[in-house]
Amino acid sequence: MTIVPAMLAALTGTVLVSPTATSPLARSPVTATAVATGPVAPSAPRPQSFDEARVLARSGDYDGAARALGRILRSDPGHVPARRELVRTLLTVGEYERAEDVAREAPDPVGLANLLGEALQLRGRLPAAETSFRVALGELPPGSLSSAGPAARLSGGAAALPDNASSERLRRADDHLTAAVNLADLLFHTGRIDEAELLCDEFIDIYNARVGSLDAAELLAVGRAVHRLARSEPALFQDALRAFDEAGAADPGWPEPRARAGALLLEKYQSSEAQSEFEAVLSANPNHPEALLGMARALIFDGRPGSDDALAKLLDINPNHAEGRALLASIHLRSERHEEARTESERILAGNPSSLAGLTALAATYLLSGDRSSFDEARARALAVNPRYAALDTEAARLLERHRRYAEAAERAAAATRLDPKAWEAHGMLGLNQMRMGMVEEGRANLERAFAGDPYNPWFKNSLDLLDTFGRYELHSNERFDLFLHETEADLLHAYLAPIAEEAYDSLARRYLTKLSGPVRVELYPSHADFSVRTLGEAGLGALGVSFGPVLVMDSPGARELGDYNWASVFWHELAHSFHLGISRGRVPRWFSEGLAVHEQRQARPGWGHQASPAFLNALKQGDLKPVSELDDGFMRPAFPGQVVLSYYQASLVFQYLEAEHGFAPIRDLLTGYGEGRSTEELVESELGMSLDELDREFDRYLKARFADALDGLSEGPAPLQPSELSDLRRLAARIPDDPLVRLRLGAALTRAERHTEARPHLEAALRLFPEVGGAASPHWPLAQGFVAEGDTANAVHHLRELLSRWEAGYEPLLRLADLLTATGRPDEAAAALDDAVLIWPYDIDLHRRLAALHTQLGSYEAAVRERRAVVALGPPDRAQARYLLATALRDAGDLETARREVLLALEIAPNFEEALELLLELRRERVGPGRRQGVAARNPGGGR
13 MTIVPAMLAA LTGTVLVSPT ATSPLARSPV TATAVATGPV APSAPRPQSF DEARVLARSG
73 DYDGAARALG RILRSDPGHV PARRELVRTL LTVGEYERAE DVAREAPDPV GLANLLGEAL
133 QLRGRLPAAE TSFRVALGEL PPGSLSSAGP AARLSGGAAA LPDNASSERL RRADDHLTAA
193 VNLADLLFHT GRIDEAELLC DEFIDIYNAR VGSLDAAELL AVGRAVHRLA RSEPALFQDA
253 LRAFDEAGAA DPGWPEPRAR AGALLLEKYQ SSEAQSEFEA VLSANPNHPE ALLGMARALI
313 FDGRPGSDDA LAKLLDINPN HAEGRALLAS IHLRSERHEE ARTESERILA GNPSSLAGLT
373 ALAATYLLSG DRSSFDEARA RALAVNPRYA ALDTEAARLL ERHRRYAEAA ERAAAATRLD
433 PKAWEAHGML GLNQMRMGMV EEGRANLERA FAGDPYNPWF KNSLDLLDTF GRYELHSNER
493 FDLFLHETEA DLLHAYLAPI AEEAYDSLAR RYLTKLSGPV RVELYPSHAD FSVRTLGEAG
553 LGALGVSFGP VLVMDSPGAR ELGDYNWASV FWHELAHSFH LGISRGRVPR WFSEGLAVHE
613 QRQARPGWGH QASPAFLNAL KQGDLKPVSE LDDGFMRPAF PGQVVLSYYQ ASLVFQYLEA
673 EHGFAPIRDL LTGYGEGRST EELVESELGM SLDELDREFD RYLKARFADA LDGLSEGPAP
733 LQPSELSDLR RLAARIPDDP LVRLRLGAAL TRAERHTEAR PHLEAALRLF PEVGGAASPH
793 WPLAQGFVAE GDTANAVHHL RELLSRWEAG YEPLLRLADL LTATGRPDEA AAALDDAVLI
853 WPYDIDLHRR LAALHTQLGS YEAAVRERRA VVALGPPDRA QARYLLATAL RDAGDLETAR
913 REVLLALEIA PNFEEALELL LELRRERVGP GRRQGVAARN PGGGR
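Position in the sequence shown (from 1) plus 12 gives the number in this note's numbering.
No lab work stands behind these hints, which were simulated from the structure alone. Here a beta-carbon is modelled for each residue, glycine too, at the ideal position from N, C-alpha and C.
Derived pair list, reagent style EDC-like, types lysine to aspartate or glutamate, alpha-carbon separation capped at 16 Å: (1) Lys716 / Glu784; (2) Lys280 / Asp251; (3) Lys434 / Glu460; (4) Lys434 / Glu209; (5) Lys325 / Asp73; (6) Lys527 / Glu514; (7) Lys325 / Glu335; (8) Lys280 / Glu550; (9) Lys633 / Asp721; (10) Lys633 / Asp712; (11) Lys633 / Asp750; (12) Lys473 / Glu550; (13) Lys716 / Asp636; (14) Lys434 / Asp206; (15) Lys434 / Glu245; (16) Lys325 / Glu291; (17) Lys280 / Asp314; (18) Lys633 / Asp724; (19) Lys527 / Glu491; (20) Lys473 / Glu460; (21) Lys527 / Glu515; (22) Lys280 / Glu245.
FRET-style restraints, in silico, Cβ to Cβ: (23) Asp63 / Ser295: 17 to 23 Å; (24) Gly635 / Ala835: 46 to 52 Å; (25) Arg316 / Ala835: 49 to 55 Å; (26) Phe676 / Ala392: 40 to 46 Å; (27) Pro399 / Glu515: 49 to 55 Å; (28) Asp388 / Pro653: 37 to 43 Å; (29) Leu548 / Ala362: 32 to 38 Å; (30) Gly635 / Tyr485: 46 to 52 Å; (31) Arg522 / Ala788: 29 to 35 Å; (32) Gly224 / Asp636: 57 to 63 Å; (33) Ala717 / Asp636: 17 to 23 Å; (34) Glu737 / Gln634: 18 to 24 Å.
Required output: the full structure, derived from the provided sequences and hints.
This is the structure in structure tokens:
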């Protein structure tokens, strides 16, 4: 590697020029630091030792440490370790100006030059900070510190000295390695990356040359420098981590190495290990700002609660912490609180106008609020500080992605890669968002580039591994849809998905008076982990489907447990999102789109979508539900387990209320308004004629009126839940007979005990008090079970129908209903129930055989063909028989040529199959007419097996 001569001298030796007889600093102490540096009063207590003061600082007692260090400095102003510790303490609590003053008051300016540079950098005085670091390195004389101008440049190994310091002696501070890495950070900060990397590279030689002799601070500096180099050589992350560990071992009481290690681990996606490091720091110093920041970031990374508390504590300790306030701004932006985010951004910039964290937060605020010109201006300010600053566009891409503005996210990620070709996260975000827009090959190329630069990133690796499986999928395309289905189930699912897709598209296009801009790619994954990776880049997503607009990604029914999932309902929901995202240009709030999509599910089929539940009723009673104006927080920042699910149902009721009161046109106009960059507040005012506060109040009244009977009777506190507590439930029901949940629990417990007559009045009371309750919790289900057990078919059918009008995944009730309808001579209704069952679980071969027979009996020959194809696709033991029965169904439907092909396939499997040979001869003799088809069906009632 080429060595910069002057830099090498700064790291390995000293350069001497003519000595000076004058002190570089002649400032008087400022008022802010008079307490710390003024004369000792005669009655002052004996100063604590430096070691005791440092223990106070390291334990988080910053006030106590500052007082103790002040006493030491009043006694001995030249005590360099005490002055450094006081400056560090002031920097820790955000007293940046005061820290600068204390550093400047040092009798030995070189000894404090490095920390002076840190204070200056935190205040945005970057040229002066660079000068300070170079003074600490022995490249510039102490007199340079009196200049606020740009740092002197080195040329040909000689320092360009200020006039008043031309004869000063150059010498290094004993913390020159820390100054060197601080200088490297500043060079990175200002876009001088090549120069910074040259400087960082020297640390590898220093470490190797001084193994075992570096102290903790020097080892920490090595770790920081090597960490910087790892952007080009990822293996160096391990070396950086080792240096941090060695620094911690060299000074076990110093928290900085573990805080740095935690930040590195979190950067490399090891959240659990990172939190262990942060917890270790916070156990010794609960007020450590960087550990609190790291913990907040780790909790957000994991989606766990507690980040707000950690961040609030950090900003209480250091109100001027730029990264902490930038994180708070980002949290506000995730919840679309743009004004709060801008306030945080401007507060950062008030203290440091060149803060890249502040400019990034400000730019993101403008971009998400639709002010593109102000975004461009803030971005230009950041690029003036650092022309290669990719993090602003990367953060903007991340926030746009979170708000489902995927095309814009890809645009910003691409901009980041142009600024810094080694912005690996941006390359990966570009690739992931290209895939979300259906640009699979382009996305793959960028993900491969990202993973080559950052092989620790699990999202990149998981996505590339998933892409390697795409060869096992089939693509079924038409004008509107590209259905991407796994080869093991493509033949089965395509027959059911394609007509549902067309029905949904037609219905939604009529509702929204528009069509989508191009075909929608629909991907169904038989593995939930694969679906999750396709969506997020990692396993663990709790959702069933996701819409990116032009791409829908879903679990196939086989990825879930039987009875968990109505895949057709979820498809309808996700396609509704595609319309919402298209009309609003991706700017619709999460609560709005989710609630409206559930509302659309219920428009499609009465039982589809989220339904009322006991948990919803309890949350409404306890005041835990968000008002409309804050409903996005119920999705994006849930305050209690289960709030997201409750928010889906609550948001859907907003649109049920709005459409009933105002019609659907204003809802369409709200979507259009979001696309124009307008806020919810102004749209509610213009389209609904009320303020957002008024909407909150109106909807609250609507909810309480709708659930009034249930709310009035609902008791305070928990009720017994276990069936073994039947006697307790009886006593409770006698005491509070109007509590619908107590009556429901008692009725359900009695039903499980097969005491149906005793259960019935309790279940009917629950139904009267809380008729909205849906799903398996509905009283209709135990009521139906009781009537089935007693042989009361009419009442059983009634309650099963009512149950299914509020339960989209009621597979067992659908089969029970079909049995009852068949037994009472209603084959058409039985077939309809079984058709609905296929939309929950299409893998039951006997279900398809039964449906084929029913549809043949009803003369629904096309439907019978579909069911016979499903039997073949499911791989029955007798494949020849299955193909033969498919051929008969095709013959009945009039598709003689395809019937002939299928019967030949049956004969390939079983050449002596007599019925198949007869059918083949029949197909060769003549085209079968409608009358003959009915006769054949009559000779083979039920279509056979």
